[in-house]
Amino acid sequence: MTCPPVHPYLVEALEKRFTLHKLDSVPDKAQFLSSHRDSIRAVVGNAAAGADAELIDQLPKLEIVSSYSVGLDKIDLAKCKEKGIRVTNTPDVLTDDVADLALGLMLAVLRRLCESDRYVRSGLWKKGVGFNLFLLQFSGKTVGIIGLGRIGMAIAQRAEAFSCPISYFSRSQKPGINYKYHPSVVDLAANCDILVVACALTPETRHIINREVIDALGPKGVLINIGRGPHVDEAELVSALVEGRLGGAGLDVFQDEPNVPEELFKLENVVLLPHVGSGTVETRQAMADLVVGNLEAHFLNKPLLTPVV
Amino acid sequence: MASPATAAVENLPQVLLLLHPAAFTIFGEEHFTSPKFRFLKAYESSLPLDEFLAANARSVRALLVSAATVVGAGILDLLPELRVIVTTSAGLDQLDLAECRRRGIRIASAGDIYSADVADCAVGLLIDVLRKISASNRYVKNGFWATKGDYPLGSKQLRGKRIGIVGLGRIGLQVAKRLQQGFGCTVSYNSRKKKNPDQVPYPFYQDVRELAANSDALILCCGLTEQTRHAVDKEVLAALGKAGVIVNVARGAVVDEKEMVRCLVEGEIAGAGLDVFEDEPVVPKELMELDNVVLSPHSAVLTRESMMELARLVVGNLEAFFSNEPLLSEYEDD
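Heads up: the sequence lines are chains Z and G, in that order. Per the working numbering, the very first residue in the first sequence carries number 4; after that it's consecutive. Per the working numbering, the very first residue in the second sequence carries number 4; after that it's consecutive.
Treat each hint with caution, since some may be false.
Said to hold, decoys possible - Derived PhoX-like pairs: lysine-lysine, alpha-carbon spacing no greater than 20 Å straight-line: (1) Lys32/Z <-> Lys64/Z; (2) Lys245/G <-> Lys164/G; (3) Lys197/G <-> Lys180/G; (4) Lys32/Z <-> Lys19/Z; (5) Lys86/Z <-> Lys64/Z; (6) Lys129/Z <-> Lys245/G; (7) Lys130/Z <-> Lys288/G; (8) Lys269/Z <-> Lys144/G; (9) Lys144/Z <-> Lys223/Z; (10) Lys180/G <-> Lys144/Z; (11) Lys288/G <-> Lys261/G; (12) Lys84/Z <-> Lys269/Z; (13) Lys84/Z <-> Lys144/Z; (14) Lys129/Z <-> Lys261/G; (15) Lys84/Z <-> Lys25/Z.
Calculated from the structure, these hints are not laboratory results.
Whenever a hint applies, use it, and build me the whole structure from the sequences.
See below:
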C-alpha cells in the first residue's frame, strides 16, 4: 500500500510485483483500512507520509515499511521496532542531488540569479532601467552546516571548492574532521554567513531554527533549508525575512507542502523550490529501485538492501 | 575669481570618461574618486563626441572605460596625448589592441579580481539550468505548486558530468576547480595553447567541435578575439547535442547567437545559462519564453565585493600612472 502520490515508474514497478493499493486515491480511508487490515503486509511511504503509530495499529499484518526517501520522520520507528516491522529508506543515491541543490540555492540567493533572470525577462534591461539588485559574493563565505552526515559532508566538499571555510554543529563533535565545530546552533549561526540545515528531522531537531538562531544569523546571513520544513519555525522565518532581520533564504522544504507562505513570494532575497532535493530523473529511479529491491528482498527472505530497523 | 581650492582641482590631471560606467551606478562614483585626479565626462556634454574631444581632450593622458566603451583608431586620433587606458572589465575586446600598441598606449585591466565571481556565476547558471532553479522558483512564486502539482524533474546530477571549458585562463581554471574538485565532474578544455599537463591535469582538445562532442555541458570562459568570434557555431552546437547545455560568461559574440536560439527553440540542445549576448542589452525574445534558459544582464562581476576591489584597483592604477609608478594590473601581450 502506498500513502501519498508517487512516481509513475515506482508505481508501475510495484504493480508488476505486488497487489498495490493507493491510499490517497481511496475515498474512505478508514473503511478501506479496516476492510484490508488482514491483507496489507507492506507500506511504501515518502517524505510526505509514512507509517505513524495510528496506521501501524490499523495494519496488524504489516511486516515492512519501505520509504521512498532518506528522511524517516514520518515513520514511528520505535513502534516498528517494538512490533518487529522492518523499515528501509533510500540513503546515498540522493546525496549528490541534494548537495548539488544546496549549493545551487546558495548561489541563486547570494547572486540573485532568479531575480536577475526576472529582470531580463521583464524587459527592464533593454529599456535601460538600471540593474540595482544586491549581489553578494559566494566564494570565501563561511558555510555553517547543521548535521554532518552524508548530505552535510557532501555539501562541505562542494563549498570547499569555492574556498568557503566550513563550520558545523552536530550532536557530538566528529573525530578526524578539519571543520570548525560549534557546540550550539546559535553559536554556529553567529559565526557563519550561510547556515544550512542538513540533519534528520527528529523530535529534538524540530524548530532547530528558531527566533534565537535567526537573530544570531542576522541581516547579513542566509538560511538554506534542504532538510524538512519543521526544522524551521516558519512563522518566525517569514517575519524575519519580511522585516529584513535575516539576509536571505533558499528553501526547498516547508511546514505544510505544497503550501508556501505568500509573504515570501515578492522577496528578491528568497528562492523557493517545490521540494526537488532529489528531483532528478536518474535519482528518483534509483530511489524507486531501492524501494522495490528492499520489498523483494524482504518477501524472498533475503537480507534487506538498506534497512534502518 | 577662482578660489585656491578650485584652482587646485583644476590643476589636477584629467581622466576622460566617454560613457557613464555601470560600476559608478551600481556601486557609487564616490568610490572611484581621488585627490590626485579628476574626471572629464564626455557623456555630460551635449556636443557630439568628436567635437567635445577636439575642444576639451587634446591634452588628456588617461582614459577610463568599461566593457561597453568601444575604442578604435577614430577615438585614439582625437586623443594625441593619451598614454594609458584603464578598464573596469577583465575583457579587452572593446579596445583596438593593435592600435594601442602602435601608439604606445598602456592598458590596465581588472586583472584577476573577478575570476572567482565569474566562476561562481558560471557554476550557478549551470546548476540552475540542470535543476531548473529559476523556473521552479517562478512556479512556486506564481502559486502553482499548490494548484498545479509537482514541478517536472530535472536532469542528472553533476557527478560524472563531462564539462568542456572553452578558454582555460584565470576564470576557466576556477570553474574547473569548482566543478571537478567540488562536484565530481570530469573537466576537459580547449584553449589557444595547450597548458603544461604537470600544472593542468585536464584533457586538452585542439578543436572546439570535438570538445563539444565529448561534453555534456560547454562553459565559455575565453576572451573575445578574432579567433574566438562565433567559435561556438552550428557545427559545435550540433556536436554538443540534444542533451547538451551551454553556459556563457565570456562574451556574446563567442557564440553564433542566432543559431543557438534556433537550437534552443527546436530542442537541438537541452538548455542554456547566459550572462552575455551579442547585442546587449537586447536579448532575443525567443529566449524569454523558454524555461530551460536562465538569463542574467552581464552581471557576473557586479557583487559588492568585486565592486569594492574594482574601485581600489581603478584608483590605484590611475594614481600610479600619474605618479609615474608601475601600473597595478598592466596588460601584457603574450
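Results for each hint:
{"no.": "1", "hint": "Lys32/Z <-> Lys64/Z", "in the structure": "17 Å, holds"}
{"no.": "2", "hint": "Lys245/G <-> Lys164/G", "in the structure": "15 Å, holds"}
{"no.": "3", "hint": "Lys197/G <-> Lys180/G", "in the structure": "17 Å, holds"}
{"no.": "4", "hint": "Lys32/Z <-> Lys19/Z", "in the structure": "24 Å, violated"}
{"no.": "5", "hint": "Lys86/Z <-> Lys64/Z", "in the structure": "10 Å, holds"}
{"no.": "6", "hint": "Lys129/Z <-> Lys245/G", "in the structure": "30 Å, violated"}
{"no.": "7", "hint": "Lys130/Z <-> Lys288/G", "in the structure": "14 Å, holds"}
{"no.": "8", "hint": "Lys269/Z <-> Lys144/G", "in the structure": "8 Å, holds"}
{"no.": "9", "hint": "Lys144/Z <-> Lys223/Z", "in the structure": "11 Å, holds"}
{"no.": "10", "hint": "Lys180/G <-> Lys144/Z", "in the structure": "17 Å, holds"}
{"no.": "11", "hint": "Lys288/G <-> Lys261/G", "in the structure": "11 Å, holds"}
{"no.": "12", "hint": "Lys84/Z <-> Lys269/Z", "in the structure": "46 Å, violated"}
{"no.": "13", "hint": "Lys84/Z <-> Lys144/Z", "in the structure": "43 Å, violated"}
{"no.": "14", "hint": "Lys129/Z <-> Lys261/G", "in the structure": "18 Å, holds"}
{"no.": "15", "hint": "Lys84/Z <-> Lys25/Z", "in the structure": "25 Å, violated"}
Hints 4, 6, 12, 13, 15 from the earlier list are contradicted by this structure; the remaining hints agree with it.
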